[in-house]
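Trainee: Based on the hints, put chain B in the right spot on chain A.
So the sequences go chain by chain: A and B. Here the numbering used here is used: the first residue of the first sequence is 1, the next is one more, and so on. Here the numbering used here is used: the first residue of the second sequence is 1, the next is one more, and so on.
Bear in mind the hints are in silico, worked out from the structure with no lab data behind them. Check the hints yourself; a few may be wrong.
[As the list claims (entries may be wrong)] A short, non-exhaustive set of chain A residues, derived as facing chain B with CB atoms under 7 Å:
#  : residue
1  : P14
2  : F22
3  : V33
4  : S36
5  : F41
6  : Y44
7  : I77
8  : P104
9  : G105
10 : G213
11 : S246
12 : L257
[What the hints assert, rightly or not] Okay, the calculated beta carbon distance ranges per label pair:
#  : chain 1 : residue 1 : chain 2 : residue 2 : range
13 : A       : S36       : B       : R174      : 44 to 50 Å
14 : A       : A17       : B       : T129      : 20 to 26 Å
15 : B       : E164      : A       : I255      : 38 to 44 Å
16 : A       : A42       : B       : W48       : 56 to 62 Å
17 : B       : W48       : A       : R51       : 47 to 53 Å
18 : B       : G67       : A       : A258      : 31 to 37 Å
19 : B       : G92       : A       : I69       : 35 to 41 Å
20 : B       : T212      : A       : A55       : 29 to 35 Å
[As the list claims (entries may be wrong)] So these bits of chain B aren't anywhere near chain A, every CB distance computed over 12 Å:
#  : residue
21 : F63
22 : S187
23 : L214
In this text, all values refer to a predicted model and were calculated from it rather than measured experimentally. Yeah, the Cβ is synthetic: ideal placement off N, Cα and C, and Gly gets one too.
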Amino acid sequence: MRRENLTLLALLLPAGAFFAAFFLLPLARLFLVGASGKGGFANYATIITDRNHFASLLATLALAAATTIVTLIISGIAGVFLQRNKFRGNAALVAMLTLPLAFPGVVIGFMVIVLAGRQGLIGDISQALTGEKIVFAYSMAGLFMGYVYFSIPRTILTVMATAEKLDPRLEEAARSLGASPWRVTRDVIIPGLKPAFISTGAICFATAMGAFGTAFTLATRINVLPMVIYTEFTLEANIAAAAALSFVLGAVTWIVLAVARTAAGGTVAAAG
Amino acid sequence: MRDRGSLFYAQLAFALLVCAFLIAPVILSMLAGLTANYQVGIRSGLTWRWVGEVWSGYRETIFLSIGIALACLACTLVLGVPTAYVLAKRQGALARALEELLVMPVAVPGLATALALIVTYGGAGGFRTSWVFILVGHVLFTLPFMVRSVLAVLMAIDLRTLEEGAASLGASFRQRFFHVVLPNCRSGIVAGSLMVVTLSMGEFNMTWLLHTPLNKTLPVGLADAYASLRLEIASAYTLVFFLMIVPLLLLMQALSRPRPRKLRVEAE
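The shape of chain B in the complex, shown without the other chains:
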């Protein structure tokens, strides 16, 4: 261990300062949502009043966001896991090009994607005004995260030996896929799912253009609240959002922490 000189403490102070910059507004806004009068400060007393107002005025946005996030998860599982499997099996230039293409909705700003969807399907009345229109945008944006997460696990395991073993025992493709491949990429599916749900719940850039007044998601409601309501209600609304999203983020961090390497059957 090196001795901890002034350089260490200077750097520690810097790291703490950065941390304060990121965390202080989160804590302050949570407090503001529970404070009777933010201008006066905490001594004006704590109250659930603002949270109650958010619940009565905006609870539909919460339910819609949860519903879309779950539907989005279902779609990305059905579309993404098979895609990751194919990309893991084929390593050629075509597969790489496909992967590249698939990530494009993340690279292209959400505003552009949403405008593209609107100019193409804006005339389809029922579709344009339903929540499924928002769902399409969310699936486009989150699909790459599911594919990459599952693909990373599939590349790390010895997929080929596992499948050959199962096939030599007479397993059909369907049996292999559901009973060998899927259980083995469980960790990737879990990590990808958490990411998809978290991103879908927070998606705004696309949703702001895709939504209609009857289909407001939580972040859309937040934008409304920030623009028009008093700071306490906006804060209480943000508090509700944090309560939904922070556990997911913490779970994601816990899962991504490196664990002791598990024993694996070496086939070579």
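Chain A extracted, bound-state conformation:
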């Protein structure tokens, strides 16, 4: 037994050493750097006290919340539908809905430009219909669209897996008692999907909080926290502020995921 423990420890050692040297130590260092400079530990308070930082924190939280809610509604409707109704082309549809799963943020940003940019599809359609060119890629609305884009593939499979486990008899019973489709959805299906909504919702929220690539591609003046951190670090060379803000951002997303995991009782892990 003792020998086995030693063997297991030896197997764990390479990953442990790597992790300690390149993650735990750097995070500790980041925390200290965040408290350096003339501000000291007060740097950590600037996220509340500095008006720009606080505004970007609120904007990021609002964007992440809106992304989560809209994504869950879209994935909820499409996921339950595709799980319940098997028809020709169903598998292909699911495959297409999950295809962008590992597209990086920069590419998602470009997809937004292709859809809603200056030469974009939405602009062309709106110009043909109304004579006015709608372009919103380079704004908060474009960013929001990009975040919904990359959140749908991440949530739809979980919703489908949970919908598969729902007991159809409950819905039959509700229906035979005279409940309308809307009541069945509200009182039977949505409560049944709640664990999936909590776990994937947390992933959506955390990913949207920390995503950087999409905002970077759409660039310009979108004032979300990752962009503020990037600007502080590169343009202002204010490494202490960048470190403090990114430490806070990391803590917030990690806490959101941890809380959701406790609430859902299952395993929750962010992806990409």
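Mentor: What follows is chain B alone, placed relative to chain A:
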């Protein structure tokens, strides 16, 4: 089968619309990369010119990304598979805490991890400017996916009986690990490997801060192209990226589809 009323078709239309939202820009950007002049449209003719320009201007980024992805795969195999094995053998609170810790680089935004690496190792000149610095970030980010994928398979098989059987026949630990454990978690290793390679090829959040002008990966090059080049070249570059990553994603989907359950030796 229920009769397919208007509700069915309304939901089908909704699903198709969502699908169009996800797939239309992919197809449009691929077309744009092959169109002589996107503003004029497809009737301006199809051309390989933009793909050629990407190849001559950016092929190093493609090779570097493939190289880093493969190196990353090697690292996550060496570090991750033994870790998954240990976590499968030990179910205590300590093992759970370790697992939790290991997943942190996925939960913490890449920007924060990259900044942490820079403030810690930024002064180490040779290391900071080499591609290995990018590799470290990629390994941190992808390791949890390898560990989880292998761990899921190890938890599903009866690892203990398999190992006891092998041990009772006189197999040493090394023999058991390489000839019993590894072959049995092959499916998890394959799935994890695909995920690691795909994620490494697309990683941007960390790489943007970790890279140097001489070490540009494909997504970094993409960001450059989006910022400064005409839409056709940016699209052609994206097309090249899609050609590399979409087969991996399709393979991943094919492998994760539930197959008929294989017969397993029941030991109980």
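Trainee: State for each hint whether it applies.
Mentor: For each hint, the structure was consulted:
no. : hint                        : verdict
1   : P14                         : 5 Å, holds
2   : F22                         : 5 Å, holds
3   : V33                         : 5 Å, holds
4   : S36                         : 9 Å, violated
5   : F41                         : 16 Å, violated
6   : Y44                         : 14 Å, violated
7   : I77                         : 6 Å, holds
8   : P104                        : 4 Å, holds
9   : G105                        : 6 Å, holds
10  : G213                        : 4 Å, holds
11  : S246                        : 4 Å, holds
12  : L257                        : 5 Å, holds
13  : A:S36 - B:R174: 44 to 50 Å  : 48 Å, holds
14  : A:A17 - B:T129: 20 to 26 Å  : 23 Å, holds
15  : B:E164 - A:I255: 38 to 44 Å : 42 Å, holds
16  : A:A42 - B:W48: 56 to 62 Å   : 58 Å, holds
17  : B:W48 - A:R51: 47 to 53 Å   : 52 Å, holds
18  : B:G67 - A:A258: 31 to 37 Å  : 36 Å, holds
19  : B:G92 - A:I69: 35 to 41 Å   : 38 Å, holds
20  : B:T212 - A:A55: 29 to 35 Å  : 33 Å, holds
21  : F63                         : 18 Å, holds
22  : S187                        : 18 Å, holds
23  : L214                        : 18 Å, holds
The earlier numbered hints that this structure contradicts are 4, 5 and 6.
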